[in-house]
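Q: Residue-level listing of the chains:
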Amino acid sequence: MMMKINLLKRLAILAAVAIPGTALAANNVSLSSDVFVERTVEKPDGKTAVMLEEPKTVIPGDNLVFVVKYKNVGSTPATDFSVTNPLPKAVAFNGTSDGTEIVSVDGGKKWGSLATLTYTRENGEVRPALMSDVTHIKWKFNRALSVGSEGKLVFRGTVK
Amino acid sequence: MNYASEATLIGFKRSKSRPAIRGAMALAMSISALAIGSTTAHAAGTIAGTDILNTAQASYDGPSGPVVIDSNTVTIKVDELLDVTVASSDPGDIAADSGATQQVTTYQVTNTGNGNEAFTLTADTAKGGDDFDTSNAVIYIDTDDNGVFDAGVDTLYSPGSNDPVLAPDASVNIFILSDVPAAATDGQRAEVELLAVAVTGSGTPGTSFAGQGDGGGDAVVGSTGADGEASSFFLIQAAQVALVKSATVIDQFGGSQAVPGATITYQLVATITGSGSLTNLNITDDIPADTTYTAETITLEGTGLTDSDADADAGSFDGSEIAVSLGTVPGGQTRTITFQVTID
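Here the protein sequences come in this chain order: A and B.
If you're matching positions, the first sequence starts at 688 in this note's numbering and goes up one per residue.
If you're matching positions, the second sequence starts at 17 in this note's numbering and goes up one per residue.
In case anyone wonders, no lab produced these hints; they're calculated from the structure.
Possibly wrong hints are sitting among the right ones.
[To be verified] Quick list of in silico lysine-lysine cross-link-like pairs, DSS-like style, CA-CA up to 27 angstroms: (1) A:825 to B:93; (2) A:743 to B:93; (3) A:839 to B:93; (4) A:796 to A:827; (5) A:756 to B:143; (6) A:730 to A:743; (7) A:797 to A:839.
[Unchecked claim] Covered by chain B, per the in silico footprint, the following chain A stretches (three or more residues, Cβ under 8 angstroms): (8) 719-731; (9) 753-765; (10) 772-778; (11) 801-810.
[What the hints assert, rightly or not] For each label pair, taking beta carbons as the anchor points, the in silico distance ranges come out as: (12) A:819 to B:223: 55 to 65 angstroms; (13) B:108 to A:815: 18 to 28 angstroms; (14) A:793 to B:118: 51 to 61 angstroms; (15) A:733 to B:291: 20 to 30 angstroms; (16) A:807 to B:205: 51 to 61 angstroms; (17) A:807 to B:226: 41 to 51 angstroms; (18) B:291 to A:737: 52 to 62 angstroms; (19) B:291 to A:736: 52 to 62 angstroms; (20) A:732 to B:114: 22 to 32 angstroms; (21) B:145 to A:736: 34 to 44 angstroms.
Nothing here was measured: the structure is a model prediction, and the numbers come from that model.
Ideal placement from N, C-alpha and C gives every residue a C-beta, glycine not left out.
Let the sequences and hints guide you as you build the complete structure.
A: Now the structure itself:
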């Protein structure tokens, strides 16, 4: 009997994801990802300015700006949530805009502010974690995302 | 090699939705573990053609339970960066003799870009600011990668037909063989330069060659301008020896008459000049007619040498001539040898 109930529950969850109509009703948070690259542009007066462009291609050393936008477009608050962004391996972390993130330097096992973490080298040596060690970035929200509220999370990285 | 980035927005609500959340976390973990597995550290940077994928993922508690949504995926391709460095492998000036042919200078060409790239090589012996130019320059590729030119083993380079193709961070040793003119004189220097240029293109850093990058992206000239050069130098190091012989006579009566029975002390001064060294320098002198060598009288720099040729010291007498082996003597030094005879 218990087995059947569990099975039914699972089916209901699957249906919620698979059936477009149901999913639409449940989709009360929208999420988008944008990646920009900093390009130095020379202006007609000879001065240079740094512009953000949406690149098709980049080269090692390019500075990238990752923007994750979220908005509660539904009719109920989304409670107690967090955003996690595993860093692409070709990108070295270069900080966030607000510094409220926690990070991981071991693939998402241990979390904390960078200053509290240590990095274990291949030879077993332990040293304070560096920005370049970061593998994951996470923002923990300690309040509910109310209906209609939105925001964006920004972090910077450099193409390795 | 794809590097995936996915942001996960996870709603935590303790109780009924827990198993589903666990599932979502496990998914995120397994994807990131995969990405870690594909890591390759590279000094030249991310390999050309790599796609950087960024997809944000959200999971939260909606009205009817946990929901997972994906954002759009942003795909950015890593272009090829065209960079090269050339370094001379010769630690300093290479000593050479005037008129010497096929003298070797050695260089190392390194692909500091992030894609496989071929390089065109050029030897320039006509540099200004030096004292003479070498001629008949040919380039060889160090086929057996031992850093030393091996005739018959290393490959003659022909531009456009066997341009060396280097992987990112890879290096190749290159030799230039050229001839030193007979007219070059002691102390003169000659510069021999090797130039390497990326075949895809070179020029001002930032110059882009659309679609020509390794891996399908663009090729972009890097900070080196996609060309590099380095020079080695030949230095003519010649040396000459001049011998001056003098004689002092002391007769048995306390005078200096060359009478039978008088002793003649011969002094040989070898003066070596030039910026080079003379190797295996031997001084010999015949015992003059009507004189008899006085045994065990050879000296070098005031120190006695034995007559035997079988021992370790530098002197010997074979019955008709004295010989002193001086070995290698650098320019600017002198060696003084004396020996005695009596007049018959």
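Q: Confirm or reject each hint.
A: Each hint, compared with the structure:
1. A:825 to B:93: Distance ~25 angstroms between residue 825 of chain A and residue 93 of chain B Cα, so the pair holds.
2. A:743 to B:93: Given that 27 angstroms is the threshold and the Cα spacing comes to 6 angstroms, the pair holds.
3. A:839 to B:93: Given pair residue 839 of chain A, residue 93 of chain B holds - Cα atoms ~24 angstroms apart, limit 27 angstroms.
4. A:796 to A:827: holds (16 angstroms)
5. A:756 to B:143: Given pair residue 756 of chain A, residue 143 of chain B is violated - Cα atoms ~59 angstroms apart, limit 27 angstroms.
6. A:730 to A:743: This hinted pair holds, its Cα atoms lying about 23 angstroms apart.
7. A:797 to A:839: holds (24 angstroms)
8. 719-731: holds (count 5)
9. 753-765: It holds: at least three residues are needed, and the region 753-765 of chain A offers 7 whose Cβ sits within less than 8 angstroms of chain B.
10. 772-778: Result for this restraint: holds, n = 7.
11. 801-810: With 0 residues closer than 8 angstroms to chain B, the region 801-810 of chain A misses the three-residue bar; violated.
12. A:819 to B:223: 55 to 65 angstroms: Roughly 29 angstroms apart at Cβ, these two residues miss the hinted range, so it is violated.
13. B:108 to A:815: 18 to 28 angstroms: With Cβ atoms ~43 angstroms apart, the hint is violated.
14. A:793 to B:118: 51 to 61 angstroms: Since the Cβ atoms of residue 793 of chain A and residue 118 of chain B sit about 58 angstroms apart, the hinted range of 51 to 61 angstroms holds.
15. A:733 to B:291: 20 to 30 angstroms: violated (52 angstroms)
16. A:807 to B:205: 51 to 61 angstroms: About 53 angstroms separates the Cβ atoms of residue 807 of chain A and residue 205 of chain B, which means 51 to 61 angstroms holds.
17. A:807 to B:226: 41 to 51 angstroms: holds (44 angstroms)
18. B:291 to A:737: 52 to 62 angstroms: holds (56 angstroms)
19. B:291 to A:736: 52 to 62 angstroms: holds (58 angstroms)
20. A:732 to B:114: 22 to 32 angstroms: violated (59 angstroms)
21. B:145 to A:736: 34 to 44 angstroms: holds (41 angstroms)
Hints 5, 11, 12, 13, 15, 20 from the earlier list are contradicted by this structure; the remaining hints agree with it.
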